[in-house]
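Each chain, written out:
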Amino acid sequence: MRPQSRLTFPRSLHPGAWWLWAIGLAAAASRTQNPVPLLLILAVAGLVVSARRSTAPWAKSYGAFLKLALVIIAVRIVFQALLSTGSQGPTVLFTLPEVPMPEGSGLKLGGEVTLEAVLRAFYEGLQLAVILCCIGAANSLGSARRLLRYVPGALYEIGVACVIALTFAPQLVTDAQRVREAHRLRGRKTRGLGSLKRLAMPVLEGALEHSVDLAAAMDSRGYGRTTDDSRVSRRLTGVLVFGGLLGVCVGVYGLLDGTTSSWLGLPMLLAGSVIAAAGIAVGGRRTGRTRYRPDPWALPEWLVAGCGVTAAVAMFVNVAVAPEELYLATVVMVPPVPTIAVLGILVAMLPAVLAPPLPVVRAPRPLEVAA
Amino acid sequence: MIRFEDAGVRFTDADRPVLAGVDLRIDEGELALVVGRTGSGKTTLLRAINGLVPHFSGGTLTGRVLVDGRDTRHHRPRDLADVVGYVGQDPLSGFVSDNVEDELAYGMESLGLPADVMRKRVEETLDLLGLADLRDRPLAALSGGQQQRVAIGSVLTTHPRILVLDEPTSALDPLAAEEVLATLQRLVHDLGLTVVLAEHRLERVAQYADRVVLVPGDGRPVVSGAPADVLADAPVAPPVVELGRIAGWQPLPLAVRDARRKAAPLRETLTEVEPPDRETAVTGDVVAEVEHLVASYHQVPALRGISATLRRGEVVALMGRNGAGKSTLLKALVGTKRPSGGRVVVDGQVPTELPPADLLSHVGLVPQVPGDLLYATTVGDECTQADRDGDLTAGTTQELFARLSTGVPLDQHPRDLSEGQRLTLALAIVLAAEPPLVLLDEPTRGLDYTAKHRLVEILRDLAADGHAVLLATHDVELVAEVATRVLVVADGELVADGPTADVVVSSPAFAPQVAKVLAPQRWLTPTEVAVALASGSRIPR
Numbered sequence: 003m004r005p006q007s008r009l010t011f012p013r014s015l016h017p018g019a020w021w022l023w024a025i026g027l028a029a030a031a032s033r034t035q036n037p038v039p040l041l042l043i044l045a046v047a048g049l050v051v052s053a054r055r056s057t058a059p060w061a062k063s064y065g066a067f068l069k070l071a072l073v074i075i076a077v078r079i080v081f082q083a084l085l086s087t088g089s090q091g092p093t094v095l096f097t098l099p100e101v102p103m104p105e106g107s108g109l110k111l112g113g114e115v116t117l118e119a120v121l122r123a124f125y126e127g128l129q130l131a132v133i134l135c136c137i138g139a140a141n142s143l144g145s146a147r148r149l150l151r152y153v154p155g156a157l158y159e160i161g162v163a164c165v166i167a168l169t170f171a172p173q174l175v176t177d178a179q180r181v182r183e184a185h186r187l188r189g190r191k192t193r194g195l196g197s198l199k200r201l202a203m204p205v206l207e208g209a210l211e212h213s214v215d216l217a218a219a220m221d222s223r224g225y226g227r228t229t230d231d232s233r234v235s236r237r238l239t240g241v242l243v244f245g246g247l248l249g250v251c252v253g254v255y256g257l258l259d260g261t262t263s264s265w266l267g268l269p270m271l272l273a274g275s276v277i278a279a280a281g282i283a284v285g286g287r288r289t290g291r292t293r294y295r296p297d298p299w300a301l302p303e304w305l306v307a308g309c310g311v312t313a314a315v316a317m318f319v320n321v322a323v324a325p326e327e328l329y330l331a332t333v334v335m336v337p338p339v340p341t342i343a344v345l346g347i348l349v350a351m352l353p354a355v356l357a358p359p360l361p362v363v364r365a366p367r368p369l370e371v372a373a
Numbered sequence: 140m141i142r143f144e145d146a147g148v149r150f151t152d153a154d155r156p157v158l159a160g161v162d163l164r165i166d167e168g169e170l171a172l173v174v175g176r177t178g179s180g181k182t183t184l185l186r187a188i189n190g191l192v193p194h195f196s197g198g199t200l201t202g203r204v205l206v207d208g209r210d211t212r213h214h215r216p217r218d219l220a221d222v223v224g225y226v227g228q229d230p231l232s233g234f235v236s237d238n239v240e241d242e243l244a245y246g247m248e249s250l251g252l253p254a255d256v257m258r259k260r261v262e263e264t265l266d267l268l269g270l271a272d273l274r275d276r277p278l279a280a281l282s283g284g285q286q287q288r289v290a291i292g293s294v295l296t297t298h299p300r301i302l303v304l305d306e307p308t309s310a311l312d313p314l315a316a317e318e319v320l321a322t323l324q325r326l327v328h329d330l331g332l333t334v335v336l337a338e339h340r341l342e343r344v345a346q347y348a349d350r351v352v353l354v355p356g357d358g359r360p361v362v363s364g365a366p367a368d369v370l371a372d373a374p375v376a377p378p379v380v381e382l383g384r385i386a387g388w389q390p391l392p393l394a395v396r397d398a399r400r401k402a403a404p405l406r407e408t409l410t411e412v413e414p415p416d417r418e419t420a421v422t423g424d425v426v427a428e429v430e431h432l433v434a435s436y437h438q439v440p441a442l443r444g445i446s447a448t449l450r451r452g453e454v455v456a457l458m459g460r461n462g463a464g465k466s467t468l469l470k471a472l473v474g475t476k477r478p479s480g481g482r483v484v485v486d487g488q489v490p491t492e493l494p495p496a497d498l499l500s501h502v503g504l505v506p507q508v509p510g511d512l513l514y515a516t517t518v519g520d521e522c523t524q525a526d527r528d529g530d531l532t533a534g535t536t537q538e539l540f541a542r543l544s545t546g547v548p549l550d551q552h553p554r555d556l557s558e559g560q561r562l563t564l565a566l567a568i569v570l571a572a573e574p575p576l577v578l579l580d581e582p583t584r585g586l587d588y589t590a591k592h593r594l595v596e597i598l599r600d601l602a603a604d605g606h607a608v609l610l611a612t613h614d615v616e617l618v619a620e621v622a623t624r625v626l627v628v629a630d631g632e633l634v635a636d637g638p639t640a641d642v643v644v645s646s647p648a649f650a651p652q653v654a655k656v657l658a659p660q661r662w663l664t665p666t667e668v669a670v671a672l673a674s675g676s677r678i679p680r
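Taken in order, these protein sequences are the chains called Y and P. In this text, residue positions in the first sequence follow our numbering: the first is 3, and each later residue adds one. In this text, residue positions in the second sequence follow our numbering: the first is 140, and each later residue adds one.
Don't take each hint at face value.
Which bits of chain P does chain Y cover? Going by a derived footprint, with three or more residues having C-beta under 8 Å, they are [unchecked claim]: (1) 254-264; (2) 292-299; (3) 342-349; (4) 506-519.
Pair ranges (Cβ atoms, derived) [to be verified]: (5) Y:Leu248 <-> P:Asp630: 56 to 62 Å; (6) P:His431 <-> Y:Ala178: 29 to 35 Å; (7) Y:Phe170 <-> P:Glu632: 33 to 39 Å; (8) P:Gly534 <-> Y:Ala146: 50 to 56 Å.
Think of the hints as simulated: they come from the structure by calculation, not from any bench. Everything numeric in this text was worked out from a predicted model, so none of it was measured. We treat Cβ as the ideally placed atom computed from N, Cα and C, and that holds for glycine.
Same shape as in the complex, but just chain Y (with noise of 0.2 Å):
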């Protein structure tokens, strides 16, 4: 047996492990409002961040993404209580003083606020939250940096193209930062839109220098020094992989939002994979470019991987055969406990012990005496 095949071999499993992972969870938490499997997904989404993660600064993000989808939830509750139109329901909590609208208009500010609204909205809420959190987790536990070195050759561009985002963004923050406080040096104010204007101005030409370093330091290290350039190799690779995605892209909106016509789903789905595996292959091959240390794909991967699928499989076997256990009747009932898809989220906890621990960052190493 290899050692990467060892679930006690310590290493960093393969980003995009995580990644299904969690899109296994965010797939089964977009097909249910029902509170309970959404706040089992975010536990288990917790639980194995919380056992799995490094010490790299990504891995910290999570803790950002929970903050986000606590905003998520509560702007939500807000914008619903003080401006939905219609029906709230019968159960009225308080009532805020009404700004007279327009007649006809349909609008709505303040006035009665329903316990029936406060509950839609939050487990609207909830369940965008829930999916954010899952993305949230993919990141830190792989980081999308590191997942974007898998992009297949025919789309390394683009895959370069979100690398450099992400290393300018953070970049650009700090260049605001110091163009600001030299601001102050100047005796200007750091606020205001005029203020704004005088920051944009340096930090983007300072921005647009280093895009120009960049380039030059890839043009001069090989980048783009591809074996096959034909015009028609390229317009071929182009159309396959974009006609593809379009079709992965459908596809996937048809199966997750389950109201469309089925043709829809997945023959729409597998199709479009189809082709845009087809236009990868054959860019791969246009490229020359060859792989540093590639992150094994072995045991620990399919098992990690096959447990995100399991929840969402899970999920959507139960809104087949149950579908009055994940879409509530009325917001205001105790919300049931799907069997099924719980089963299958408590599938998803189990990479908290399957995927290898990580080996431990070696302390710097103390001067070597001599002997």
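Could you slot chain P onto chain Y? The hints should help.
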């Protein structure tokens, strides 16, 4: 290895070619140093070697450039990636990935080398450049010297025969610069690599060069030859060469060691003369006072209890490693960094409590990147803005700028100014409100010798006018020229505070070349020696 045959470069819209009629030969295994003033075309010459000029930059290349037998007219930079490794001015902006190992592998991935070759070469390069302990560190977390070594390593993995570097040590402190230069030395001597580098800090590299290429600019012909011959009458020269010229040594020494061996008679003559004492001149009022100053960034202490005073008429140099706390001290003095303990008083005020509009009349800082201060579209606008910000009579800033830097058209865009002109513009803006305390952060970064001489004059005038000047710098030669006092910080603590000669003469890292040659005597600059010799003593041969 590299041949320029009657090569010339002209950029579109330029009325003059940057380079014209360049005939140049750099042989295999040479370390060639390219010198010249800013804007003379050094970078263009370097970029022509790997084809970035004209393929990437645009413009027209006349004549031809042959690199290892390949004509750059027909080979794009990416096609030369296996022959020429090019490292640009700012290593951080050339990085494509985010950790050391991936960065080293990037070039090989582009060339399509097999995985086992890549693995082996990465390990070899990590060892060669002493980066093994940093292999999975994020690039942004490395020090300047380490980043520069990673940048060199990242082009070495493709096994090029030529390495081209644009100002590899400009931004580094003296020790980090030595680290990088030692690496280059090793590559030339052990691997027989051909290295071409441009550098303003000649004192750091002249001794290692096998050949010096002087780019005089303005389309005048490029001169190339043995270092001692070219530097003998070049407009730019390191202090040790200037000392050699003054003392009339033949052949000219390039390294401190060569000069030291010739300097015994000179030292003997100079024993009869007292070196000028700068400290006595300063008796001005206290302008700024810091007491037990403590500052930190998220639990990481940057300053741990620093106490110092600055008086009118002083030029004080603040020295120390990158990250020792120099910039933090400057920021605390202008109030952009709030101290977590201790006291800062500048001109009778607490800087953090001053509103931005009043700040400039008490203290002014020229930041490390002077361009940060500028945002108008012309030099003239910039000056008018500064007058308005500081409530000054119209034209004050412009007049001051004209005095500091002559012959700059007012309708020019600040981005098009040379590094030195941009610095003087920022300085003029800061000085217009006449702050008693002037702070400069790394002012000589990217300045050539001429611009540096001008800066020295400006700083001396400021001190004579009763300003207190504090400059954070790595440039030991600048410190030797201008500073009356030196503060050395290490790890957030003040480890030395005293007259320049006392602090730098005995320090291996901070001593200027002249001090190293003439120690234990306390001479710091070639000019001091020249003046002393002219005032009576016989010139020793």
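P:Gly534 versus Y:Ala146 beta-carbon gap, inside 50 to 56 Å or not: Distance hint for P:Gly534, Y:Ala146 holds at roughly 54 Å.
Coverage claim, chain Y over the stretch 342-349 of chain P, checked by counting residues with Cβ within 8 Å (three needed): violated (count 0)
P:His431 versus Y:Ala178 beta-carbon gap, inside 29 to 35 Å or not: Holds, since P:His431 and Y:Ala178 (Cβ atoms, about 33 Å apart) stay within the stated range.
Coverage assertion for the stretch 254-264 of chain P with respect to chain Y, Cβ distance below 8 Å, three residues required: holds (count 4)
Hint check for P:Glu632 and Y:Phe170 - Cβ pair distance inside 33 to 39 Å: Distance hint for Y:Phe170, P:Glu632 holds at roughly 36 Å.
Residues of the stretch 292-299 of chain P with Cβ under 8 Å from chain Y, three needed, outcome: holds (count 3)
Y:Leu248 paired with P:Asp630, Cβ distance criterion 56 to 62 Å: holds (58 Å)
Given coverage of the stretch 506-519 of chain P by chain Y, tested with a Cβ cutoff of 8 Å and a minimum of 3 residues: The restraint on the stretch 506-519 of chain P holds, since 7 of its residues have a Cβ under 8 Å from chain Y and three suffice.
The structure shown violates just one earlier hint, number 3.
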